[in-house]
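Asks: Sequence:
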Amino acid sequence: MNQAVNTAKTRQKSALNSYTASALLLAFAGMIAKILGAVYRIPLTNLLGAEGIGIYQLVFPIYALMLTLSSSGIPTAIARLVSEKRTLGEKLEEQKVMKSSFVLLFVLGTLATLIMLLIAVPLSNLQGAFAIRYGYFVVAPAILIVAISSYFKGWFQGNMNMVPTAISQIAEQVFKMLFGLLFAYLLLPQGVISAVIGALIGISLSEFLAMLVLAVIYFARKEKQLPRIKMDTATTKSLVRVSLPIMASGLVFPIVQFVDSLMIVNLLVGRGLARDIAISQYGILSAPVNSLVNMPIVITLAFAVAIVPIISSKRALRDAVSIKDKASLAVKLSFLIGAPCFAAIFVLARPLMQILYPSLSVANIDLAAALLMVSSVSVILLSLSQVFTSLMQALGKTVKPVIILLITAVCKITLDVILIMHMGIIGAALSSVIAYTLCVLIGWCTMSKLLGKEENLIKSISKIMLNSVIIGLIIFGLTFLLNKWWLVLASVLIAVPTYFVLIIACRVFREEELISFPFGKQIATFSKKFRKKSEDL
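If you read the sequence shown in numbering that gives the first Met the number 0, its first letter stands for residue 0, the second for the next number, and so on.
I should point out that these hints are in silico values taken from the structure, not numbers from a laboratory.
Be aware that a few hints might be false.
Keeping only pairs whose Cα atoms sit at most 30 Å apart, straight-line, the calculated BS3-like set for lysine-lysine is [what the hints assert, rightly or not]:
no.	residue 1	residue 2
1	Lys448	Lys458
2	Lys448	Lys527
3	Lys462	Lys452
4	Lys396	Lys527
5	Lys396	Lys236
6	Lys90	Lys396
7	Lys483	Lys396
8	Lys448	Lys323
9	Lys323	Lys483
10	Lys483	Lys527
11	Lys98	Lys236
12	Lys527	Lys462
13	Lys396	Lys98
Being a predicted model, the structure only gives us computed values, none of them experimental.
Produce the entire structure from the sequences given, and follow the hints as far as they go.
Replies: The structure is reproduced here in structure tokens:
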């Protein structure tokens, strides 16, 4: 037994050290995908207008809900179980996991697609946009396609190979940009609703093509084809047991978004707004504003995805010290990305809206800027929430995230009713910030109980926050007089290397952590030279 564990430790050593590299690869690909997604939303918003993008966004909450029901928990469970089985050298058990997961994903994907088709008509009536039922029809096939894609992603991530997932993310966004804009443009002469449906057709087509990319990479390696073994009952139960709590935690926010899509517009109408204006305001919050807020979050999501197989394998080896180190690193990295992005988005809220969405009216730009400033802090909050959820799932505490997210959801929905009636659409953004703050506080306390307190982590976070404030002030100083796109770009280009130098100077990361980064040796060498020169001065 000791020999098996030692062999497993040796086999995992290099893979475990590559956590940060894998996460940053996913982060880089995710960042490119989000940039492409944001670029796609800009001409789409300008093409459809505020009301059109609001109608477009009405489809997404139920679509996201069906995706979560069909495929959210199982890929993470695949990654976790495959990582554990491979760590212990149990090849046959790994194949059983893959067989069971494919059957489950296919069945769930098919059921969710059928549900989407069946509820399209009554749901569009409830949302007050009956014509959008055709949008539900054309996007429904994407649910099954994403479920199949999730099978491939789960296996690759379980083997700590993030390249195929990264490729598929970028491919999906490229295809969506090409076909979504093309179909929306071609159908626009027939009306805004037709253009929205055209954009949704682009989603289904892009998901299908991205799935083909993953399948080609998967089957190119013959030894990794679908195993020709019978479905194992015990393995299926284990897969369901692991995936159900993960799926439950993943369901919370799509349900909240779905409730929002029904409540926000109706609450705004109840407050005295015309329905078309209410839909426009909901569209501004859910499309331009949330797209910019979510862009940096995808980077920290990459760390959250990559941490699951790493922590799971460490847990299998009962390596408590490494678990704590990797968990602390994941939290630091989420702050490293989230804090300066929050500062930059807060300072640049109005210039970004003016530059990216010139077709919006002055009143809509003012509203969007105000919403973005309120929502900007969610970059940090959602980043931490994702990391805490993934850490708990990897440690086998899969019920805790569900409870935390349920508390968050109840808080969010309750605050929506109160704040929207008093503050309008701004209340919807503020309710999210308050609810996410509660979520992070509970998650932080839970992780502290599981892993113990880490004083060095608090010090590092304090340094990151201070440096982020400095970066925010630099950007504000460069842009507060002019809202020109080249000045905004220049301020960001100046802020990024400045932030990098500040982080090195403040010794936020230990040398062994720096070495684990891509180009880590060069970064560590630069850090040593920089510190030496600083000490000489």
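Asks: Each hint should be assessed against the structure and marked as holding or not.
Replies: Quick rundown of the hints versus the structure:
About 19 Å separates the Cα atoms of Lys448 and Lys458, which keeps this hinted pair within 30 Å; it holds. The straight-line distance between the Cα atoms of Lys448 and Lys527 is roughly 35 Å, outside the 30 Å bound, and the hint therefore fails. A C-alpha spacing of about 18 Å is found between Lys462 and Lys452, which places the hinted pair at or below 30 Å, so the restraint holds. Proposed proximity of Lys396 and Lys527 is contradicted: the alpha carbons are some 39 Å apart, above 30 Å.
A C-alpha spacing of about 17 Å is found between Lys396 and Lys236, which places the hinted pair at or below 30 Å, so the restraint holds. About 26 Å separates the Cα atoms of Lys90 and Lys396, which keeps this hinted pair within 30 Å; it holds. Between Lys483 and Lys396 the alpha-carbon distance is near 49 Å, which puts this suggested pair outside the 30 Å criterion. Of the pairs offered as hints, the one joining Lys448 and Lys323 holds, with about 12 Å between alpha carbons and a cut-off of 30 Å not exceeded.
As the CA atoms of Lys323 and Lys483 are separated by approximately 45 Å, the hinted pair breaks the 30 Å bound. The suggested pairing of Lys483 with Lys527 is violated, with an alpha-carbon distance near 38 Å, which exceeds 30 Å. Between Lys98 and Lys236, the direct Cα distance comes to roughly 13 Å. Compliance with the 30 Å bound is thereby established for this hinted pair. For a cut-off of 30 Å, the pair hint linking Lys527 to Lys462 stands: about 19 Å separates their Cα positions.
Proximity of Lys396 to Lys98 is assessed by CA-CA distance (about 25 Å); at most 30 Å being required, the pair is judged to hold.
The earlier numbered hints that this structure contradicts are 2, 4, 7, 9 and 10.
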